Amino acid sequence: MKKRTTKTLLAIFVMFFTYTYVSAQSNSFGSITYAKAINVSGKQRMLSQKISKAYLLMAKGINDPSIKKELNSSKFIFEKQLQILTKNASSSSTKLSLKKVQTLWNDFKSIISSTPDVQNSLRIVKTNTNLLKACNDVVISIENSYNYNNQFFQNKNKDFAKTINISGRQRMLSQRLCLYYTAATMFQGEGPEFKKILSETYQKFDTTIGELLISSYNSTEIEEELGVVMSYWEKFQTNQRGLLNGEFPLEEMFTTTNQLTKSFNKITGLYEGIANN
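So that you can map any letter, position 78 of the sequence shown is 281 in this note's numbering, and since no number is skipped, the others follow by simple counting.
No wet-lab data here; the hints were simulated from the structure. In this text the structure is predicted, and so the values were computed from the model without any measurement. Check the hints yourself; a few may be wrong.
Cross-link-like lysine to aspartate or glutamate pairs, in silico, EDC-like; alpha carbons within 16 Å at most [claimed, not checked]:
no., residue 1, residue 2
1, 329, 273
2, 271, 454
3, 312, 273
4, 298, 362
5, 469, 426
6, 465, 428
7, 303, 273
8, 365, 340
9, 329, 310
10, 438, 414
11, 303, 282
12, 271, 320
13, 302, 273
14, 329, 396
15, 469, 403
16, 312, 282
17, 438, 426
18, 469, 428
19, 303, 340
Label pairs and their calculated CB-CB ranges [claimed, not checked]:
no., residue 1, residue 2, range
20, 449, 480, 40 to 46 Å
21, 422, 266, 37 to 43 Å
22, 431, 388, 23 to 29 Å
23, 476, 403, 30 to 36 Å
24, 320, 430, 16 to 22 Å
25, 433, 286, 35 to 41 Å
26, 280, 317, 35 to 41 Å
27, 317, 395, 25 to 31 Å
28, 462, 351, 16 to 22 Å
29, 430, 476, 29 to 35 Å
30, 449, 267, 38 to 44 Å
31, 298, 445, 30 to 36 Å
Glycine included, every Cβ here is placed at the ideal spot set by N, Cα and C.
Based on the provided sequences and hints, a complete structural model is requested.
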């Protein structure tokens, strides 16, 4: 009887240890959490747009030292974050997605490292979406890995992966809004195409705000920051036609979209923090 009891206790211990170990592994993306990985990979989408936007503004002759600083710092952060994600990736799909980003980034970096001019600006507008899509594939791959690893566990925070993703996407859409607003003013011949992308970006951003406003995961701090977002977004909501027709000064677009990006960076970080608790 004593021997059987010992075996039973040992089996329970092994099961508990295995569950604890696997559960811990299911919430880790290498040395960082999945929530952090989704947030960081989501920032890569935003940086691809921020870099493109800064280059176009410089090529257009907007002489603001902060724009050049933004271009250089964003390029540095993109490369460092790409290294971090690559180092921590374990699944073959995520590694493959990151490899594609690296290949596209190498080509893209050669353009943005040149002296800003109109010709290269048009190349950037034509090619940035490929890099953006590749970055988004990384986010989706990490989110899918998280969902797969957690499918056998009762994880109250399992829906946070999606929430962090769509909140982080707002940062990208803010920068993409300014990028294609600038492109539409620079390249009149491409105007209809760029205005279409501008309109689609506006609609996606506006719809997602509505989704996040009613999220059950919102804390008081998140709701307050969403209020800040709405105060900035209102100027575009009340004059959507003016946005599409280029009636806002570029300096105002630059400032307002950066404020939106900053707010959603904070909101996404707050979602990440809740998911890790």
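Tested hints:
no.	hint	in the structure
1	329 to 273	violated, 21 Å
2	271 to 454	holds, 14 Å
3	312 to 273	holds, 15 Å
4	298 to 362	violated, 24 Å
5	469 to 426	holds, 12 Å
6	465 to 428	holds, 10 Å
7	303 to 273	violated, 25 Å
8	365 to 340	holds, 14 Å
9	329 to 310	holds, 13 Å
10	438 to 414	violated, 20 Å
11	303 to 282	holds, 14 Å
12	271 to 320	holds, 14 Å
13	302 to 273	violated, 25 Å
14	329 to 396	holds, 11 Å
15	469 to 403	violated, 24 Å
16	312 to 282	holds, 10 Å
17	438 to 426	violated, 19 Å
18	469 to 428	holds, 8 Å
19	303 to 340	holds, 10 Å
20	449 to 480: 40 to 46 Å	holds, 45 Å
21	422 to 266: 37 to 43 Å	holds, 41 Å
22	431 to 388: 23 to 29 Å	holds, 27 Å
23	476 to 403: 30 to 36 Å	holds, 31 Å
24	320 to 430: 16 to 22 Å	violated, 41 Å
25	433 to 286: 35 to 41 Å	holds, 36 Å
26	280 to 317: 35 to 41 Å	violated, 20 Å
27	317 to 395: 25 to 31 Å	holds, 28 Å
28	462 to 351: 16 to 22 Å	violated, 37 Å
29	430 to 476: 29 to 35 Å	violated, 19 Å
30	449 to 267: 38 to 44 Å	violated, 19 Å
31	298 to 445: 30 to 36 Å	violated, 45 Å
Taken one by one, the earlier hints fail for this structure at numbers 1, 4, 7, 10, 13, 15, 17, 24, 26, 28, 29, 30, 31, listed in ascending order.
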